[in-house]
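S.K.: Protein chains in written order, with this note's numbering: chain A, 15 to 423; chain B, 402 to 564.
Keep in mind that the hints were calculated from the coordinates and are not lab data. C-beta atoms are modelled at their ideal positions from N, C-alpha and C, and glycine is treated no differently. A few of these clues could be false.
Capping the alpha-carbon separation at 30 Å, the derived lysine-lysine pairs in DSS-like fashion look like this [what the hints assert, rightly or not]:
(1) LYS242/A / LYS324/A
(2) LYS255/A / LYS483/B
(3) LYS430/B / LYS233/A
(4) LYS324/A / LYS358/A
(5) LYS255/A / LYS419/B
(6) LYS32/A / LYS180/A
(7) LYS180/A / LYS430/B
(8) LYS180/A / LYS52/A
(9) LYS324/A / LYS441/B
What follows is a set of in silico ranges between Cβ atoms, one per label pair, in the way DEER data are often shown [unchecked claim]:
(10) PRO343/A / ASP503/B: 49 to 57 Å
(11) SER224/A / GLN484/B: 33 to 41 Å
(12) SER55/A / ASP501/B: 29 to 37 Å
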Amino acid sequence: MKTLAESRQHPSAEFIEKIRNQYPIETEIDRVLTRKMKLRSGDGYQGVSLETMVEATKKLIGFYHGNHFKIDNIRWMTGGASKIQMAFDFVSTITTDVFEKNLITPMVVRMEPAESVVETSRKREFEVLQLLRNKIPVPPCYWLDAEAEFFPYPALIYGFVSGVVKPSQSSSKQVSGIGVTFGADLREKIADQFVRHLATLHSIPLETLSTLVSFEMPKVGSNDAVIKQLNWWRRVWEEDKSEDIPLLDVAYHWLLDNAPAIERPSLVHGDYRSGNFLFDESACNITAFLDWELALIGDRHQDLAWSTYKLFGQIDEDNKTFLACGLLPEEEFFACYETYSGLKVDRSRLHYYRILCNFMSVIHSLGSAHRVAKGSKTHQDIVLLTFSKIGYFLLEQLRVHLSEVINAA
Amino acid sequence: MQPDLNSQLLVAVNTLKKVVLPAVDVSNKPAQEQLALTIKTLEASCERLPYRRRYIRQQLALTINMAEKILALLTERQPELKQQLAINLAEATASYKDIDADCETLVDWDSVLMENLCQGLAACKGADNYGNIVSVLIADSEALISLGRRWCSDNGLEVEHSL
Chain A
15 MKTLAESRQH
25 PSAEFIEKIR
35 NQYPIETEID
45 RVLTRKMKLR
55 SGDGYQGVSL
65 ETMVEATKKL
75 IGFYHGNHFK
85 IDNIRWMTGG
95 ASKIQMAFDF
105 VSTITTDVFE
115 KNLITPMVVR
125 MEPAESVVET
135 SRKREFEVLQ
145 LLRNKIPVPP
155 CYWLDAEAEF
165 FPYPALIYGF
175 VSGVVKPSQS
185 SSKQVSGIGV
195 TFGADLREKI
205 ADQFVRHLAT
215 LHSIPLETLS
225 TLVSFEMPKV
235 GSNDAVIKQL
245 NWWRRVWEED
255 KSEDIPLLDV
265 AYHWLLDNAP
275 AIERPSLVHG
285 DYRSGNFLFD
295 ESACNITAFL
305 DWELALIGDR
315 HQDLAWSTYK
325 LFGQIDEDNK
335 TFLACGLLPE
345 EEFFACYETY
355 SGLKVDRSRL
365 HYYRILCNFM
375 SVIHSLGSAH
385 RVAKGSKTHQ
395 DIVLLTFSKI
405 GYFLLEQLRV
415 HLSEVINAA
Chain B
402 MQPDLNSQLL
412 VAVNTLKKVV
422 LPAVDVSNKP
432 AQEQLALTIK
442 TLEASCERLP
452 YRRRYIRQQL
462 ALTINMAEKI
472 LALLTERQPE
482 LKQQLAINLA
492 EATASYKDID
502 ADCETLVDWD
512 SVLMENLCQG
522 LAACKGADNY
532 GNIVSVLIAD
542 SEALISLGRR
552 WCSDNGLEVE
562 HSL
């Protein structure tokens, strides 16, 4: 018996094409997923040295900026379960007739491993970060290596933003910043900003989004874009799974049959939660929202569903109240969001997107994380292996959701 | 035979804890974090190793049970699928009953049945029996998922309020 897992570890050109044709998706997402499959049979992640990273950084910056700079204070960064990150200082020299002065700009290289738990486009991430400058707190993004012409894998360079993802006294040791405990004082100040910035993001006028050339604009009144997104993750499942799960197919069919038309397209972060923003502990300010790789133009309810996903939340000190992202009660979150954005929270759409988010998270864990770790494709396979073990727990959530909606129908 | 696999793994874990972990640069956070997760994973594997065969057999038994119910729901309008599932069910059941069947064979049969169930579901979409098949899959998946959760309970991420 040739196992399902083997056929996906060494995919033939026919297999790749068959899945591409079966699940039509956005062009740029198709490009990165196809690239992933073509490279899958190749080597696992080869440990990249700091020297290699420095050389590539110099070449990339030199190509766009010229060679009048130095890089200094080079170090690896931890955090996240997806990309390789190196921090450094970009040092340029300002020379006039009377003085010479070094200008230091702290920066970060964000590079893909051989295969990621979420295979995404650096190009899209770059476009979004450029667009959002001065709209909400994001790191400035400087240079892009979308096709790995300079680095071993696709990468981008953005500005280093100071801040922490969790309080320095936090006891949480969980991977990927899941389950951050803020404490009563801090969360009151952070929660308001967290919701306000989300409202700002979703309220960006559509005409402004025209600079996002690697994104497709959904048609108002149509569910085509929702189905494309659903196909995105269904395709990832078909490419990454190590075993079939009939329940996941039940979910896919339900999501397909019930996909709502988009009434008002918004820029959606795709992973808007605690653990994905930095804040200044003393000033209690959010300094930057990170990890824009899953951003898309779609239905804002997707972010609302993801932010209030139970996995990312905490129970209040009263042992009763659920706090979305460990920050504020769900109803307060929605009321505050409606006030700031002037946009309504539609409960039925929210429910649909809760199931879609749940479907996606099962695919990330039981499909991609397991596949990537087993293939030794990243710099932190053990982190992904640990993450993959939560898959059955997420699958049970999905089962309960499906049971409710199908029995209610 | 000595040293058995469990003893070998335990010695390896102890070495990592007592010798390697203290030697890792405290400022190298990725290395610290990944070594801690590696130790945790090896410890969990040590605990589970003696129960691996039992786990795999239990999983196959649950899958066979679910597949039998789905087979009964397939109609003559899906003749090839019905026949294929019946043949695979018979072989999977025979392997399950064979005390000498190795773990890999049992795992493979589980995968084959799961694949057949997905094919059956897809083929019945829009047919009269689709709703009943979905009901069985939702109900019978509970025990399978619960088994998987127990097997992966060392993930450190599950929180009670999440369900």
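S.K.: Hint by hint, note whether the structure agrees.
M.R.: Status of the hints after comparison with the structure:
Of the pairs offered as hints, the one joining LYS242/A and LYS324/A holds, with about 26 Å between alpha carbons and a cut-off of 30 Å not exceeded. A threshold of 30 Å between alpha carbons decides the hint, and for LYS255/A with LYS483/B the separation of about 24 Å falls inside it, so the pair holds. Distance hint between LYS430/B and LYS233/A is unfulfilled; the C-alpha atoms sit about 46 Å from each other, more than 30 Å. The suggested pairing of LYS324/A with LYS358/A holds, with an alpha-carbon distance near 21 Å, which does not exceed 30 Å.
In summary, the hint linking LYS255/A to LYS419/B is not supported, as the alpha carbons are separated by about 37 Å, beyond the 30 Å threshold. Restraint check for LYS32/A and LYS180/A: the C-alpha separation of about 43 Å exceeds 30 Å, so the hint is violated. Between LYS180/A and LYS430/B, the direct Cα distance comes to roughly 15 Å. Compliance with the 30 Å bound is thereby established for this hinted pair. Annotation: proposed proximity of LYS180/A to LYS52/A is violated, straight-line Cα distance about 38 Å (limit 30 Å).
Between LYS324/A and LYS441/B the CA atoms are separated by roughly 25 Å; this keeps the pair inside 30 Å, and the hint holds. At about 53 Å, the CB distance of PRO343/A to ASP503/B agrees with the hint of 49 to 57 Å. Look at SER224/A against GLN484/B: about 55 Å separates their beta carbons, and that is not inside 33 to 41 Å. Separation of SER55/A from ASP501/B is about 35 Å and conforms to the stated range, judged on CB atoms against 29 to 37 Å.
Hint compliance for this structure: hints 3, 5, 6, 8, 11 are broken, all remaining hints hold.
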